[in-house]
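> Chain residues, written in single-letter form:
6 protein chains.
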Amino acid sequence: MRRLDQIAATATFVDGRVSNPHNTTKDNLQIDHTTDIYKESTQLLLQALLRNEEVRNFAFIQRVAPPLMCRYQPKMKYGKHPDVAFLPMQPTPMRSDLSCTIFIADPSTYEGGELTIHLGSKPVSIKGKRGAAVFYPSTTIHEVLPVTSGERLVAITFIESQICDEKKRDLLYTLNEVAALEGLNMEWDNRVRLEHVRHSLHRMWSTS
Amino acid sequence: MRRLDQIAATATFVDGRVSNPHNTTKDNLQIDHTTDIYKESTQLLLQALLRNEEVRNFAFIQRVAPPLMCRYQPKMKYGKHPDVAFLPMQPTPMRSDLSCTIFIADPSTYEGGELTIHLGSKPVSIKGKRGAAVFYPSTTIHEVLPVTSGERLVAITFIESQICDEKKRDLLYTLNEVAALEGLNMEWDNRVRLEHVRHSLHRMWSTS
Amino acid sequence: MRRLDQIAATATFVDGRVSNPHNTTKDNLQIDHTTDIYKESTQLLLQALLRNEEVRNFAFIQRVAPPLMCRYQPKMKYGKHPDVAFLPMQPTPMRSDLSCTIFIADPSTYEGGELTIHLGSKPVSIKGKRGAAVFYPSTTIHEVLPVTSGERLVAITFIESQICDEKKRDLLYTLNEVAALEGLNMEWDNRVRLEHVRHSLHRMWSTS
Amino acid sequence: MRRLDQIAATATFVDGRVSNPHNTTKDNLQIDHTTDIYKESTQLLLQALLRNEEVRNFAFIQRVAPPLMCRYQPKMKYGKHPDVAFLPMQPTPMRSDLSCTIFIADPSTYEGGELTIHLGSKPVSIKGKRGAAVFYPSTTIHEVLPVTSGERLVAITFIESQICDEKKRDLLYTLNEVAALEGLNMEWDNRVRLEHVRHSLHRMWSTS
Amino acid sequence: MRRLDQIAATATFVDGRVSNPHNTTKDNLQIDHTTDIYKESTQLLLQALLRNEEVRNFAFIQRVAPPLMCRYQPKMKYGKHPDVAFLPMQPTPMRSDLSCTIFIADPSTYEGGELTIHLGSKPVSIKGKRGAAVFYPSTTIHEVLPVTSGERLVAITFIESQICDEKKRDLLYTLNEVAALEGLNMEWDNRVRLEHVRHSLHRMWSTS
Amino acid sequence: MRRLDQIAATATFVDGRVSNPHNTTKDNLQIDHTTDIYKESTQLLLQALLRNEEVRNFAFIQRVAPPLMCRYQPKMKYGKHPDVAFLPMQPTPMRSDLSCTIFIADPSTYEGGELTIHLGSKPVSIKGKRGAAVFYPSTTIHEVLPVTSGERLVAITFIESQICDEKKRDLLYTLNEVAALEGLNMEWDNRVRLEHVRHSLHRMWSTS
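Chains as they are written, first to last, in this note's numbering: chain A, 22 to 229; chain B, 22 to 229; chain C, 22 to 229; chain D, 22 to 229; chain E, 22 to 229; chain F, 22 to 229.
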């Protein structure tokens with residue numbers, strides 16, 4: 022995290038509208054992706070993300086976009102929007118199933134700037150701890166409320182999952198958790214049959 | 022079973038080709054479905070089928086066609102064929118997911134007449150005990166080999182399942198079995214989460 | 022057909038807007054469905070429809086709505102619209118996969134009134150012969166152009182197919198036709214394997 | 022509602038475990054379904070439910086189970102559980118996509134008894150107003166917390182939707198709402214094209 | 022286009038049967054793909070294709086095969102055939118969802134050689150202008166009628182779409198068009214909800 | 022094969038648990054994948070696999086994992102297990118649809134060591150000839166029985182198919198075989214229509 026603070030302090034940040042010119046409600050800054058320090062930041066953030074076993078367990082990661090550092094200064098915000106379904110990427114466009122915000126600045130250092138997700142009838146507002154990561158289906162409507170003081174520093178990234186559908190992903194995650202918690206108490210044959218179901222669902226759901 | 026023997030002894034049987042005129046390899050007899058005794062036989066057979074918990078557990082029954090008594094006398098047979106996917110029935114056609122043969126005559130009373138199922142690379146031949154029932158996906162290729170002596174008496178029926186796809190049906194059946202065998206040893210919360218997965222799959226798979 | 026002409030001549034016709042009040046472009050008449058003569062007309066039309074083998078072969082009929090006689094007098098028309106996906110019906114709503122227009126009046130007796138279907142880039146205009154029937158996926162955009170002289174008399178109905186998706190329905194219809202035309206020349210085993218594929222697709226596609 | 026109060030006051034209530042004997046955490050009372058007054062209650066509740074346009078708009082109702090009045094006296098509760106995917110019903114089992122609780126007793130007349138739904142990471146607790154109805158996917162884990170004083174009177178029912186998958190149902194509901202709110206401002210052609218998309222999704226999603 | 026004319030004039034063309042040896046009705050020439058000038062031609066054609074916004078909007082491009090210049094001299098033709106579903110390509114085989122013909126020679130310079138597509142009941146014949154491109158689902162039956170005079174010069178290529186199913190691709194394209202034409206007149210919230218539906222469909226349909 | 026014998030004789034083999042540390046029933050040896058001789062062995066085995074037309078015809082190969090030589094000395098075995106659905110691989114994880122065992126040691130040179138597949142109700146035991154390959158859906162439960170004398174030398178590999186679902190893969194394989202055996206006797210038009218169906222299924226089933 023410290024190295025990320027240093028990077029944030031020294032790197033060039035540009036107008037965030039470059040990556041979504043059609044959204045007039047977007048008003049933030051993002052690290053200049055043409056610089057070497059940008060590459061270092063994506064490496065650091067990516068490694069941190071993939072080290073986390075919980076993340077690997079529920080996301081069923083197929084591809085990850087390079088995380089991008091974003092800075093919201095007072096009055097900056099990002100109005101309601103879903104993220105797009107496909108990101109231009111080499112060698113082929115990448116489907117974005119999960120969007121992720123990694124909180125870098127300590128929440129006590131800025132006011133406002135809540136990540137607000139409009140899932141179901143009630144919006145959920147989140148202001149994560151330093152180092153925390155929040156995930157939501159990319160096409161969910163969400164927004165970043167205006168920062169009123171201090172500076173919100175986060176990184177955002179996108180994940181293509183082996184399982185596109187979030188309902189199926191949740192069911193398999195739940196089944197895997199039950200197996201992890203109860204598997205050692207089961208008769209070997211039942212445990213293997215449960216493994217058969219889990220792996221079969223994993224395979225089957227990667228294309229439907 | 023005894024009542025079925027009596028019915029077989031007294032009921033009229035007609036040429037089986039009436040129910041599949043296009044298949045020139047079909048050569049057997051079936052109970053005349055215009056008689057009252059036919060209705061009695063279907064009731065008896067249906068009740069026997071639905072009493073069986075194992076059947077209910079793996080078939081996820083939505084609809085059942087009236088079972089039909091069939092008789093194969095020496096030299097009779099039914100050549101290789103799959104069953105059709107939809108049966109004319111009131112008020113709407115019924116999809117046939119599972120075909121079922123209920124063996125009525127004791128296998129020691131006739132020779133030949135094996136039910137032979139062509140699944141995968143090797144055919145499987147079955148000559149069930151009196152009262153046994155065999156199920157297979159309706160569209161599988163199968164045949165009844167020629168009877169060489171005695172008389173093969175069976176009933177056949179067809180099941181529309183809540184889960185059309187046999188792979189999905191098998192996975193849910195396996196998961197239900199593991200839950201039945203191991204559920205009481207689990208923490209309540211894990212058991213409920215497993216129930217959530219099972220019921221969600223059941224619902225989801227009824228239309229895909 | 023003659024009896025239908027008599028019915029058309031004697032039955033009461035009411036404003037067609039009763040069955041689609043939201044569409045302000047609808048301007049036609051339909052037979053009063055509260056009368057006995059309405060019931061007779063639906064029976065006649067339904068029997069004619071189901072007698073047609075070609076219809077049964079490509080529609081894979083699960084349910085049929087009672088056909089409704091409609092009359093377009095000069096200046097009447099029905100503007101661009103898709104039909105709804107579900108019709109209120111007993112005991113449960115019926116999905117409408119195919120819409121059908123049965124032409125009753127001879128096309129030489131009226132001008133205008135073409136059924137125009139907007140499929141792909143070019144609209145197709147149809148004015149069927151007396152007794153002809155035209156089918157199209159219900160949710161396709163279509164319209165009836167204004168009648169300029171004479172009277173357009175048709176019946177319309179809706180079919181729920183065992184196979185919801187028109188692409189899959191077409192593929193199975195094509196495969197069934199190839200089997201009908203070439204099956205007798207094939208080795209028996211290949212013919213049975215082709216039957217296995219056809220019936221398996223029929224079953225599989227009834228729920229996906 | 023008054024008539025329901027009267028029914029609640031005079032009808033016989035029996036142990037709720039009859040309808041889910043496997044769940045040892047269920048402890049409530051339900052109206053005796055062998056009585057005439059039970060039939061009257063289901064009629065009243067069903068009509069109230071179907072009168073509600075909002076309900077019809079988001080549930081895409083195919084079938085509804087007869088609503089069942091339930092009473093929770095002090096200390097009664099219903100522990101965590103999902104509802105089953107299929108209910109035994111005539112003429113065929115009914116899939117339960119949505120579970121519904123209709124609140125009859127005024128929430129000020131009893132303490133405890135919250136309906137608590139475990140969706141995502143945080144449970145949501147609901148104590149509806151007299152006459153309110155709450156819906157949730159049937160296979161979601163939920164519970165009724167113990168009543169601590171007074172009496173919780175509700176009715177529960179189950180809906181088979183034309184669209185099994187809740188994600189798809191939500192998307193179509195959203196699209197229909199946008200069309201209802203913005204359709205009149207659109208060019209006619211765009212409005213019809215939007216209708217084409219909506220009806221096509223409705224049809225397509227009834228089987229996948 | 023001029024550079025393509027020069028390439029056509031100087032490059033070596035070989036028998037087209039090399040890329041589909043099983044189709045005895047194929048009789049045309051194609052640019053020798055072992056030459057450097059071949060590479061230049063694919064670059065030029067690919068850039069032209071991807072510059073076209075209309076193409077990007079309806080094709081939802083995931084991968085594109087290198088376009089191949091083909092020449093039909095008098096009497097040459099390509100009989101009825103569908104294109105294959107998968108093309109050998111590095112690093113993995115590529116699914117071909119859309120086939121594309123780019124017309125290079127001016128249609129006034131040759132007779133015959135119509136691209137004829139057998140979609141539905143009536144074949145559609147196309148002779149595109151210089152620079153025009155025509156797209157159709159790859160597995161549609163199509164043919165090139167015999168050239169009777171002059172020389173037909175075209176390029177063909179194949180696209181793997183993010184959305185395999187053409188019906189789904191069409192629905193999303195229509196919805197995107199309606200949004201583009203009407204979005205600016207909508208209330209912001211409705212516009213964002215429509216975006217949510219569009220992006221959700223895009224994501225969902227990339228695997229089903 | 023001889024070169025593989027030489028490699029087996031000279032290469033280093035390490036404990037097989039490295040590639041599945043969670044399975045305590047695994048007890049075998051595998052070639053050290055950090056050596057150059059390992060790379061040579063994978064090349065030889067891969068080429069042999071891809072040369073086989075039968076394999077290409079039923080597997081619809083999208084990706085293949087590098088084959089891995091495994092050795093079972095007396096008492097070694099691999100208990101019941103399914104293979105995982107996704108293998109870590111560059112540049113993205115690879116789905117494993119088919120598992121493959123290539124038998125290298127002649128079956129007369131060792132006792133025990135049968136590959137036993139638990140498909141349906143009866144396990145199938147296989148001891149392939151030198152050079153034979155056996156395929157099964159990866160998530161099927163299978164095991165290698167203990168070797169009692171001699172040494173079992175095999176290679177294992179994994180295939181990602183263009184068609185994930187084995188039922189669909191089987192249907193297309195059957196249809197392709199019927200077309201190969203009967204196609205030349207068909208009228209050209211029927212043959213092309215059959216091709217249209219086959220290629221359309223191939224394309225459609227790559228994502229559902």
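FYI, nobody ran anything at the bench for these hints, they're computed from the structure.
Fair warning: there could be bad hints in the mix.
Identical copies look the same in the list; a pair holds intra-copy or inter-copy alike.
What the hints assert, rightly or not - Derived lysine-lysine pairs resembling DSS-like cross-links, with alpha carbons at most 25 Å apart:
1) 101 <-> 188
2) 47 <-> 143
3) 143 <-> 188
4) 101 <-> 143
5) 96 <-> 150
6) 150 <-> 47
7) 60 <-> 101
8) 150 <-> 98
9) 98 <-> 188
10) 143 <-> 60
11) 188 <-> 60
12) 188 <-> 96
13) 47 <-> 188
14) 150 <-> 188
15) 60 <-> 96
> Take the hints in turn and mark each one as holding or not.
Status of the hints after comparison with the structure:
1. 101 <-> 188: Answer is both; intra-copy 23 Å and inter-copy 20 Å each pass.
2. 47 <-> 143: For residue 47 and residue 143, the Cα distance is within 25 Å only inside one copy (23 Å; across copies 30 Å).
3. 143 <-> 188: Answer is both; intra-copy 19 Å and inter-copy 17 Å each pass.
4. 101 <-> 143: both (14 Å within a copy, 23 Å between copies)
5. 96 <-> 150: The answer is within: 21 Å in one copy meets 25 Å, while 40 Å across copies does not.
6. 150 <-> 47: Within one copy, since 23 Å is at most 25 Å while 40 Å is not.
7. 60 <-> 101: neither (29 Å within a copy, 45 Å between copies)
8. 150 <-> 98: Classified as within; 19 Å inside a copy, 37 Å across copies.
9. 98 <-> 188: neither (30 Å within a copy, 29 Å between copies)
10. 143 <-> 60: Neither: 38 Å inside a copy, 37 Å across copies.
11. 188 <-> 60: The answer is neither: 34 Å in one copy and 37 Å across copies each exceed 25 Å.
12. 188 <-> 96: Answer is neither: 36 Å inside a copy and 35 Å across each miss the 25 Å cutoff.
13. 47 <-> 188: neither (30 Å within a copy, 27 Å between copies)
14. 150 <-> 188: neither (27 Å within a copy, 31 Å between copies)
15. 60 <-> 96: For residue 60 and residue 96, neither the intra-copy (28 Å) nor the inter-copy (51 Å) Cα distance is at most 25 Å.
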